[in-house]
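Hints are included, so try docking the two chains, each in its own frame, into the full complex.
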Amino acid sequence: MKLKKKGAVLLAGTMAMVAVLSACSNGGNGGGADPAQLTAPQNTASATNTHSSPDAPITVTMALSQAVNTTFPEGESMENNLWTRTLLEESNIQIKSEWTVDESQYTEKLNVAIASGDLPDVFQVSGTQLQQLVEADMLADLTDVYKENISPLADGKLREDGSVGLDAVTFDGKLLALPYTTATMDGSTMLWVRKDWLNRLGLPEPKTIDDVLAISKAFKNDDPDGDGKDDTVGIGFRKDLFSHFGGIKGFVNGFHAYSTWIEDEESGQLVNGAIQPEMKEALTKLQEMYKSGEIDQEFSVKGTTQLQEDIASGRVGMVFGAMAEPLANLNPSVLNDPEAVWECYPLPSVDDQPAKPQTDSMPPFYFVVSKQSEHPEAIIKMMNLNVEKWFGETADAKFDYDNGFPTHKYFTVRTYGARKNLDNYLKINEALKTGDTSGLNPGQLGNYNQVKQYLDGDKSMWNYAKIFGPEGSLGIVNKYVNEDLLLPNSYQGIPTSTIVKLTSTTGDITDQALMKIILGDPIESFDTFVENWKKLGGDEITAEVNDWYAKHKS
Amino acid sequence: MLLIYHYIPTFGFVIAFQHFIPAKGITGSEWVGWENFSYLIKLPNFYNVIWNTFYISIMKVAAGLVFPIVIALLLNELRSRFVKRSVQTLIYLPHFMSWIILGGIMIDILSPTRGIINQLLAVFGIEPLFFLGSPDMFPYVLVGSDLWKDFGFSTIVYLAALTGINPNLYEAAVIDGANRWKQTVYITLPGMAPVIILMATLSLGQILNAGFEQVFNLYNPAVYETGDIIDTLVYRMGLVQAQYSLATAVGLFKSFVSLILISFSYMLAYRFANYRIF
Numbered sequence: 001m002k003l004k005k006k007g008a009v010l011l012a013g014t015m016a017m018v019a020v021l022s023a024c025s026n027g028g029n030g031g032g033a034d035p036a037q038l039t040a041p042q043n044t045a046s047a048t049n050t051h052s053s054p055d056a057p058i059t060v061t062m063a064l065s066q067a068v069n070t071t072f073p074e075g076e077s078m079e080n081n082l083w084t085r086t087l088l089e090e091s092n093i094q095i096k097s098e099w100t101v102d103e104s105q106y107t108e109k110l111n112v113a114i115a116s117g118d119l120p121d122v123f124q125v126s127g128t129q130l131q132q133l134v135e136a137d138m139l140a141d142l143t144d145v146y147k148e149n150i151s152p153l154a155d156g157k158l159r160e161d162g163s164v165g166l167d168a169v170t171f172d173g174k175l176l177a178l179p180y181t182t183a184t185m186d187g188s189t190m191l192w193v194r195k196d197w198l199n200r201l202g203l204p205e206p207k208t209i210d211d212v213l214a215i216s217k218a219f220k221n222d223d224p225d226g227d228g229k230d231d232t233v234g235i236g237f238r239k240d241l242f243s244h245f246g247g248i249k250g251f252v253n254g255f256h257a258y259s260t261w262i263e264d265e266e267s268g269q270l271v272n273g274a275i276q277p278e279m280k281e282a283l284t285k286l287q288e289m290y291k292s293g294e295i296d297q298e299f300s301v302k303g304t305t306q307l308q309e310d311i312a313s314g315r316v317g318m319v320f321g322a323m324a325e326p327l328a329n330l331n332p333s334v335l336n337d338p339e340a341v342w343e344c345y346p347l348p349s350v351d352d353q354p355a356k357p358q359t360d361s362m363p364p365f366y367f368v369v370s371k372q373s374e375h376p377e378a379i380i381k382m383m384n385l386n387v388e389k390w391f392g393e394t395a396d397a398k399f400d401y402d403n404g405f406p407t408h409k410y411f412t413v414r415t416y417g418a419r420k421n422l423d424n425y426l427k428i429n430e431a432l433k434t435g436d437t438s439g440l441n442p443g444q445l446g447n448y449n450q451v452k453q454y455l456d457g458d459k460s461m462w463n464y465a466k467i468f469g470p471e472g473s474l475g476i477v478n479k480y481v482n483e484d485l486l487l488p489n490s491y492q493g494i495p496t497s498t499i500v501k502l503t504s505t506t507g508d509i510t511d512q513a514l515m516k517i518i519l520g521d522p523i524e525s526f527d528t529f530v531e532n533w534k535k536l537g538g539d540e541i542t543a544e545v546n547d548w549y550a551k552h553k554s
Numbered sequence: 555m556l557l558i559y560h561y562i563p564t565f566g567f568v569i570a571f572q573h574f575i576p577a578k579g580i581t582g583s584e585w586v587g588w589e590n591f592s593y594l595i596k597l598p599n600f601y602n603v604i605w606n607t608f609y610i611s612i613m614k615v616a617a618g619l620v621f622p623i624v625i626a627l628l629l630n631e632l633r634s635r636f637v638k639r640s641v642q643t644l645i646y647l648p649h650f651m652s653w654i655i656l657g658g659i660m661i662d663i664l665s666p667t668r669g670i671i672n673q674l675l676a677v678f679g680i681e682p683l684f685f686l687g688s689p690d691m692f693p694y695v696l697v698g699s700d701l702w703k704d705f706g707f708s709t710i711v712y713l714a715a716l717t718g719i720n721p722n723l724y725e726a727a728v729i730d731g732a733n734r735w736k737q738t739v740y741i742t743l744p745g746m747a748p749v750i751i752l753m754a755t756l757s758l759g760q761i762l763n764a765g766f767e768q769v770f771n772l773y774n775p776a777v778y779e780t781g782d783i784i785d786t787l788v789y790r791m792g793l794v795q796a797q798y799s800l801a802t803a804v805g806l807f808k809s810f811v812s813l814i815l816i817s818f819s820y821m822l823a824y825r826f827a828n829y830r831i832f
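These protein sequence lines are chains A and B, in that order.
The first sequence lines up with residues 1 to 554 when you count with this note's numbering.
The second sequence lines up with residues 555 to 832 when you count with this note's numbering.
Honestly, I wouldn't trust all of these hints.
Covered stretches of chain B (in silico footprint by chain A; criterion: 3 or more residues with CB under 8 Å from a CB of chain A, positions within the stretch not fixed) [what the hints assert, rightly or not]:
{"#": "1", "stretch": "629-637"}
{"#": "2", "stretch": "681-692"}
{"#": "3", "stretch": "775-781"}
From chain B, some residues computed to sit far from chain A (all C-beta separations above 10 Å) [unchecked claim]:
{"#": "4", "residue": "563"}
{"#": "5", "residue": "608"}
{"#": "6", "residue": "612"}
{"#": "7", "residue": "640"}
{"#": "8", "residue": "650"}
{"#": "9", "residue": "698"}
{"#": "10", "residue": "713"}
{"#": "11", "residue": "727"}
{"#": "12", "residue": "752"}
{"#": "13", "residue": "790"}
No lab work stands behind these hints: they were computed from the structure.
Given the structure is predicted, the values throughout are model-derived calculations rather than measurements.
Glycine included, every Cβ here is placed at the ideal spot set by N, Cα and C.
Just chain B, same shape as in the assembly (with noise of 0.2 Å):
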């Protein structure tokens, strides 16, 4: 099964280095060498793509593991089950909503016109902001927003870590005369790390995909300098017409930074945490 359905037809990316015409099929089809990654590299905006798409994930995944973290060492320190688990529940909500709906809110939320968040830095005295209109506010937003819906997620994975924390280490901490802090500090967190470091190791793999779903459905024109993305970038040149090729090269080409990435990450965790798949 995995053979047919993962490994074989993997072998369909020869078409990156094809002209593809899927009449003549990838037997078929003529042979151009690096011709469709020269293309691609002499984009004028390739480099700009590249560099959004890293300085979006990167900011993206150092706020989803910080943030998170926080969150869920607050609320175990809460004394109410009640509080703790309705807030739980109420951050996780976001998650379930897909960026199609959350793309119409967002642009009602952020409007600065009409939109709350604005009307509340008016009550500050602060000016309007277009949040999704001004191409140095707009990478912001998105890590903001991808924060906001995925963060409740994280957060009850790192909770689920602290209830692993073995009570005894805590008794042992308060008779040695620790405070809140100091158990947090020498307790807890080392306690969540091989948590902390699968999760970071998982995320480093993603970084390539800074969310095609939520840039699509936020961006525009003018903010292309800052919010184009590879995956939109390869959509708009999919989109308007069916550019096998080129897609399948930016797809390579992605992979292979992405298995850079993974391998260095898989070896910090292994030198840090000991943590090894194989």
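Pulled out of the complex, with its shape left as it was, chain A reads as follows (with noise of 0.2 Å):
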């Protein structure tokens, strides 16, 4: 008896905690809707289903994430705002949410509604739940609503990285995804130096790996900072390899090694960069240059905020990067040390060809439709108003942000195209040339000011005039466009589950093998590395990459 009490007691209290929860997160979807109008639309929904007269909107449910700093105006939620209000009057969809969460939470909550099989219709993918939702057929051939509904303009942002994203959705010749086309030659690295270091020290400017072995020499040995003590290193490392701040990949692709898939010359196979003779090479440097002390006898141990540590404390000479490193990376070194100045480099060759920049060629996520959906052109009209209204003729400031409220981030089926910020920048430079602004979109008007405000004297907005202004790290990033010279990982397709699962081992060894020979064993232990990769599942890897090359090689 006292048993069974307990237990009812306890049954009731969860009861209780689950209602609590429950409304806690309605309340959370910033929400406050309007009982009305939560209904309203569901009878509609209904009715179009059995009747579908034409005038009526379709109801298209949707799982909505909900990204961080997303703010709304009173009564209104991911479910109920600006976007779901102008798809509903120019695309006549009715938005209903099957359900929001936090951005964090949201690829845990859909693998959960995945296994269940309780889809809604139309959500947004990683690549490794594309490849399972493809394996078990629950996705909708998009192949023809794509090419009745697709307008030109919301096409050619989707194939502004090459077709590469279109490409990857497209199985056996269906096209069951679109893909979030996002600017990957963003990530390209370059090479940030201590411009005020070079010119005490009366040092050229890096054009070569050999400047930049002899710059990293005197950084270390010729007390650049001039506090007559031994406490600064060449270039800046940290413990994950192949990250973009602080990674070796810049330093590597100097020597034409890469840690991305790429096409041997002679066999036309696609071949892993980081067991190729050129990574050997690179390591044999950086093996001195950790021997002699101008990389950070520590670096292995490092990580981000360690490193950021030692900029902002200005024991750091050089560090590769990409183009966004001002922001948060460098800023605080400039901050600290009224006289830092930090410039960006094209990266280096070894030798008269000049350095490729490795790039991501995958978008990072896709929008997709379940089998069960009953409307799978909405997802088309959703992108063609998203891209309408941020750059089509339409396009208004209020798309963007209205009256201080991020209305971009409303927008679920979007898409930027491959080079929102390089573009940002030119248009940029040209109003800063021209003194018109009239032609620049409210996004890249906040950043113009932000750069005329650090020209007019405002020196904490370095950060930003560094990356957008005149002498702006996109600068670099236009030059690798113009010149052809971003290299972009030539294995395009989305993992198939023996390479994710053979990659966790591969990786393990890659990176160990790699760090260890930096930190100072044998050079020749790189050739007992690749054996072991070759064995150990790199092989089969490469023959899959291979298979998936044969059949998309144009």
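Okay, here's the thing in structure tokens:
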């Protein structure tokens, strides 16, 4: 009896908790939505589904992911906002949220939804989830609806990455998703250097790897900060070898070595860049630099935070990074030391061939339609509307920011195209020359004003000016693009489960071997590593990658 | 409640024997038998990882037993209540910090160039040691830092056990002419024995958890060979991209070994300390 009573109390307590919690999550949706508003579309929904009269809006259920810092005007939510209203008015589509969660929990929540088979009509997926859904045959074929409905403008934006994204989501000739086409070029690396140190020591700007090695030596030995102490290093690295910021990616690219898949010129097959002889050569140099103290003796235990600290306290003379480094990684250094000047240079090369910065080639996520959905064409219309409102003739500032609310975050099915930051840079600099800001969209105008403030003497805007300004880092990206130097990963398929499984092993031994060689293992151990890599799954991965390549090579 | 939230989800372990695809669910995924396990066993670093896990956690368990007992005994002999209380509180403090914070602190204080530990060693003329970067020293750094973080907690448990010993026994011993040391050996330690055995038993169940958070925040590819443990291996496999079946297989393996260890330690506890749960 006693036990039973306890159980009942527990049960009641839990149910109360569940009720409270669910009330919380409703409130969390930014809700306060009018109940009448919520029920109204549902009624129309059932009406449409049964009679499908041409004038009634079609209802599409969606899983909505709410990005960080998304705010709404009073009474609005992810389900009811500028985007959903515009969609209803112009495309006659009524959005209904199946569930809405915070961005950070989206992937997990969707995994649960996939497992239970209870999918909304339209939702966003990761590459792995896409592969799983394709294997389980749960996605609608979008081939025909795409051809019939896509606007030329949206088609163009989606293909700005050279159609890599669209090709990747075409399985056996069937288009099963829309890619979120984005700027992979923004991840290309460049060399960031303390220009004030260069000047103090009277050194030339780095053009070749030899220059870099000479500068690195001088930064280590010749007291570039003039404090009389031996407390500086040549190049700053951190323990994640192939990260954008503080990785060795930019350095090895200068030796024409890559951590991605590249085409072997002789055989025409794809090979993994990490096991090529060029990598060995680059590692030899890194090892020498580590021995002579030009690389931090402790870099193998340092993460982003520690490298940031070292840069901020003026111990690091050079670092490889992407165009966005001034924002958070270099800015503290400039704020701490008014004399610090960071300048960016295109990757230097070891020979007369220009260095090619490697980039990823796959979109970070995709938009898909459930096979059960009655209106697969809706997703195409959503994409059309998004591109039109951001880039088309009816584009308007209010679809970016409206009264301080980040309305651009309301769009779920969306794409920025592959050149957004670069285009902004070009437009801003044109406007800076002509003084005519009428051609700028609101986002561009925001960056334009930051650059302008910097040029007028406000040093706190250095970080934005160094990216978008006349001497900005995007100028380097522009050079890469104009001279066709970017080297996208040649494997552009969605990784199969075999590849995913084996990569965890090969990735481990790669990290381990490269790190140990830099820290002083004999350089011959590179050959052992290559053998191990091949034996422990590398050969199998290479075979699968080349299967894909044979099918898609044009 | 227990049934719904603990026992029913347990059956999810069957995905260790499947090529699990979330979209197909547990019932729809293909059965692959022992394939996931044989893949694990064939992993080049699997034995290394198992060895590291045992090695690190056995050292942790041993150090975590002996050290707090010694400290508790020493504290118990202190006359000044103020000093005793202060020391007790101070050593307890690190227990409340997360490894994410401690990881950063560790990297700083163990740094060969600027770290306080190496500066102290330099006073005695010892060359700077690269604690976190050397595979030889890494496991001991793990044990040491884990001990530093958590010995305060166990010390309090043992101090509590000390207060439970009947003072009459000490009075009797003094009359019999026993000095402090004899009192400790013949009264205090036997008095604490049940608690010590209980703590040892409990920690044996944890032996395959060598401390994911700690290792994850301190390790790097250069010390994989001695510092990589089962949990971090699973994390990397899982992180690379949601390999549910493999991760479950490792989890099941861990549970199986833990079950054997717990049964074993329970048997020991039952035999030597008359400790029983049922």
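Taking the hints in turn, this is what the structure says about them:
Remark: the stretch 629-637 of chain B is not confirmed as covered by chain A, as 0 of its residues place a Cβ nearer than 8 Å to a Cβ of that chain, below the required three. For the stretch 681-692 of chain B, the assignment as covered by chain A holds, since 3 residues bring a beta-carbon within under 8 Å of that chain's beta-carbons and 3 suffice. Only residues whose C-beta sits within less than 8 Å of a C-beta in chain A count toward coverage, and the stretch 775-781 of chain B has 4 of them, enough to reach three; the restraint holds. Every CB of chain A is more than 10 Å from the CB of residue 563/B (nearest about 13 Å), matching its label as outside the interface.
The claim that residue 608/B lies off the interface holds: its Cβ sits roughly 20 Å from the closest Cβ of chain A, which is beyond the 10 Å cut-off. In this structure residue 612/B is separated from chain A by more than 10 Å, as the shortest Cβ-Cβ distance comes to about 25 Å. Look at residue 640/B: its CB is around 33 Å from the nearest CB on chain A, clear of 10 Å, so calling it non-interface holds up. With 10 Å as the threshold on Cβ separation, the claim that residue 650/B sits away from chain A holds: the shortest Cβ distance comes to roughly 21 Å.
In this structure residue 698/B is separated from chain A by more than 10 Å, as the shortest Cβ-Cβ distance comes to about 16 Å. Once the 10 Å rule is applied to beta carbons, residue 713/B is consistent with being away from chain A; the minimum gap is 34 Å. The Cβ of residue 727/B lies farther than 10 Å from every Cβ of chain A, with a closest approach of about 45 Å, so its non-interface assignment holds. Every CB of chain A is more than 10 Å from the CB of residue 752/B (nearest about 27 Å), matching its label as outside the interface.
Against chain A, the non-interface label of residue 790/B is violated: not every CB pair exceeds 10 Å, the least being about 6 Å.
Of the numbered hints stated above, those contradicted by the structure are hints 1 and 13, listed in ascending order.
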